[in-house]
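**Q** Work out the full structure: start from the sequences and follow the hints.
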Amino acid sequence: MLKYTLKRIGLMLFTFSVIFVICFVLIKLLPVTEADQFGQDMQLVLLRREQLGYNKPIFIQLFIFLERALFHGDWGISEKLYFGRDVWTLFVTKLPNTILVNVYAMLLSVPIGLALGIFAAMKKNKWQDHLISTLTMVVISVPSYVYAFLLQYFLCYKLQWFDFRVLPVDPENGITFFSWPMFKSMLPAVFCLSFGSIAGFTRYTRAELTEVLTSEFMLLARAKGLTKGQATVRHALRNAMVPIFPMILGEFVSILSGSLIIESIFTVGGVGSLYVDSINCTPPDYNIFLLLTAFYTLVSLTAGIVVDLSYGFIDPRIRMGAKK
Amino acid sequence: MMNDVTNIKIDPSKFQFAHKENIHDKKLETKPIGYFHDAWRRFRKNKASVVATVIIIFLLLFSFLVPIFCSNAYTRSTNDTERLKYQKLLPKVEWLSFMGVNGCKDTKINEAAYNQYRAMGIETGMSPIHEVKKGSPYTETVGGKESTYYDISLDTYYALGMNYFTLTEEQYLNIQAWQNESKIQVIYPAVVTSKLPVSKRTDANIWYMADQKGIPKLDSDGNFVDIYKTSGSDKYDSIRVSWDDGTLRYSNPAGTSAAPGYTVRINLYNYFIYKYGFEPCFAFGTGADGLDILTRLASGAQFSFLFAICISAINLVLGAIFGSIEGFFGGAIDLFMERVSDILSGVPFMVVTTLFQLHLAKHVGVVPSLLFAFVLTGWIGTASTVRMQFYRYKSQEYVMVARTLGAKNGRLMFRHIFPNAIGTIITSSVLVIPSTIFSESSLTYLGIVNLESSGMTSVGTMLANGRGFLSTDPHIILFPAIFISLLMITFNLFGNGLRDAFNPSLRGSED
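Sequences listed follow chains A and B, in order.
Each residue of the first sequence is one higher than the last, beginning at 1 in the working numbering.
Each residue of the second sequence is one higher than the last, beginning at 1001 in the working numbering.
It is worth saying that the hints were derived from the structure and are not from the lab.
Please note that the accuracy of each hint is not assured.
[Stated by the list, open to error] Selected chain B positions facing chain A (in silico; Cβ < 7 Å):
(1) I1343
(2) L1358
(3) F1438
(4) S1471
(5) A1481
Every residue gets a Cβ at the ideal spot worked out from N, C-alpha and C, and that includes glycine.
**A** The following block contains the structure:
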């Protein structure tokens, strides 16, 4: 197991570095802003570019960049969007917003999704099941930004329960990450993100559970005298969780990357907005873009690995990396 | 003994046929059912999918026929800045007006606005006030001052009202000639603006004595006091408004003596009829840029459909070839190709698109670079499905038999093994269409892909355009949102139906 884990992590790092090098080269191939456009900061910019080896071949630039990034934590400075600010610091200040909104969404959607899924599976082929399945189908299909528009129109505009946007952090007025106004302003975004996940979890749970419920060991459990509830909780649920749990785990990892579109609609001020802004300004802010590219790539690769490995940890019957 | 038997010679004439007639197998009484026919039979049983298919066909027809049949002089004049005057009109369909699709919206206005709308009605006979709600007028105290308010249903088409245009002599005379012919009044009498407070002089809708706030100064009978221009002379020979006794003037001179111009008060509603040849009436309303939402949505949808179908077809071909080679040869080739697709699928899609846009958009255009981005990673899913099918079937006996009979690799791959994957592939390539449309609309919404710069439109662009007017003019965003939701739901239902039809064993596992 350990050997397999290490092998997977090694492979992932290999994939990651290949992708990173490709992206790095592609980004460096793009034209940079002329230094004289920076006006009085021209000397500073020129100096910094000299330091980063902008006049040298791209692969030497890559080594200079890696050396600075890995050993000094220096991912460059923003050249356009937040002029002169350190990219890494920017990223770290934006990250909590994204994580917070998505964690709330997960906390909301996992219990509801599982509960609905279990309920639907227990009532299989009755009207409750049909209702839940149909709703799931619809909710899963409708894009999340349509919910965002609906919620903004009805909750924020008509009823005026919430703000149109997530509040920016402002410790002097008592708006910190875990304060009530902050939480409240995040709610519409949280709802939007959860609808889709709830439907996803419901559908998945229902499918897995109905499959388990028809297995023969369920018949045995009933035959030995367990009630339906006991049999379901003790035998069916535990088996159904085998594929469901890795899915939840994978979602937890991938929420780091957040949802670009929801972040931009509710101005969450997280990593997603930073990414979109860094591309949409002219010229694009390449240093921010490079860091976020690396970040998103790492998150998606990690999510994949975590899902695969967690199967082995949860279910002892699955032997990871065993020769067929 | 054996030799004896073989050596016995029997005269052939001693033999005779037991049966004279030819022997046949019993003829099949039912028609043979092919793979697709079988799938179709199963598909038909799924009512939801059939309904979804009908709706998809309807959406397709909508997006392909509307740009052809609903295009008119107005929708074609895309570079005309005059359309900005017709922005944010509400949906209006004559035969649906009983359902409230009459271009009216409920709004709360103050006294000055109410009087202005009333005056517009009196002057032109087209009253923007469709209905005054019960309980109006009422007073409300805002900021310590008591003011009168009205709740009305406002006709956004008639509320277009008047606008000051500066016309050349030729344009002026053309409109006059058209007026005489059609008996529709476009140019209304000029106003002596010096009688108005400075802040109200640019408002073409005010033709009556009014104070700073725009509240009219009425005469003793409660009528508006007109301030029409009666002095001077101008060049007209037009129909005159009904209350005109021949003294009114219809323009203020502008321009130079060499190139005379006329500043006139133009009724925008009638001007529309003059310019485009039909009464303004937009089934889906107009957007903030004055564009007709119906035709724009249809052409956006058309683009999205064509684009998605293109992607789906390219991915199908690429994925099938790649997956077949991977699965058939296996071993080192498989390992290498798997790493390639691993690396490609590891790059987040957003990043791929962005890089393609940054690098290629200037050289090959926005749309082709978006297409490349979709194609770069899109085929991986198809390839892995095909690969799986190859692994499952390549070691089966019938393949061995074919090989023994001398079939070449190509024939084995595409004639014998590949058809096993067809059902799955069809299902997945149909499902590529909605997911492509969804991704493309997200990208255009976020502005990562800027289609408008190349004169294109897509559902995502329309959503982005309507976003800023969500609270004031929700109809702009409503129709694109409904369209894309409907599309997603129906395509998913359709895809589920296809999956069940092609792989009956998977039925119900995921719905």
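**Q** Hints first: check each against the structure and report whether it holds.
**A** Now for the hints, and whether the structure bears them out:
{"no.": "1", "hint": "I1343", "result": "holds (5 Å)"}
{"no.": "2", "hint": "L1358", "result": "holds (6 Å)"}
{"no.": "3", "hint": "F1438", "result": "holds (6 Å)"}
{"no.": "4", "hint": "S1471", "result": "holds (4 Å)"}
{"no.": "5", "hint": "A1481", "result": "holds (5 Å)"}
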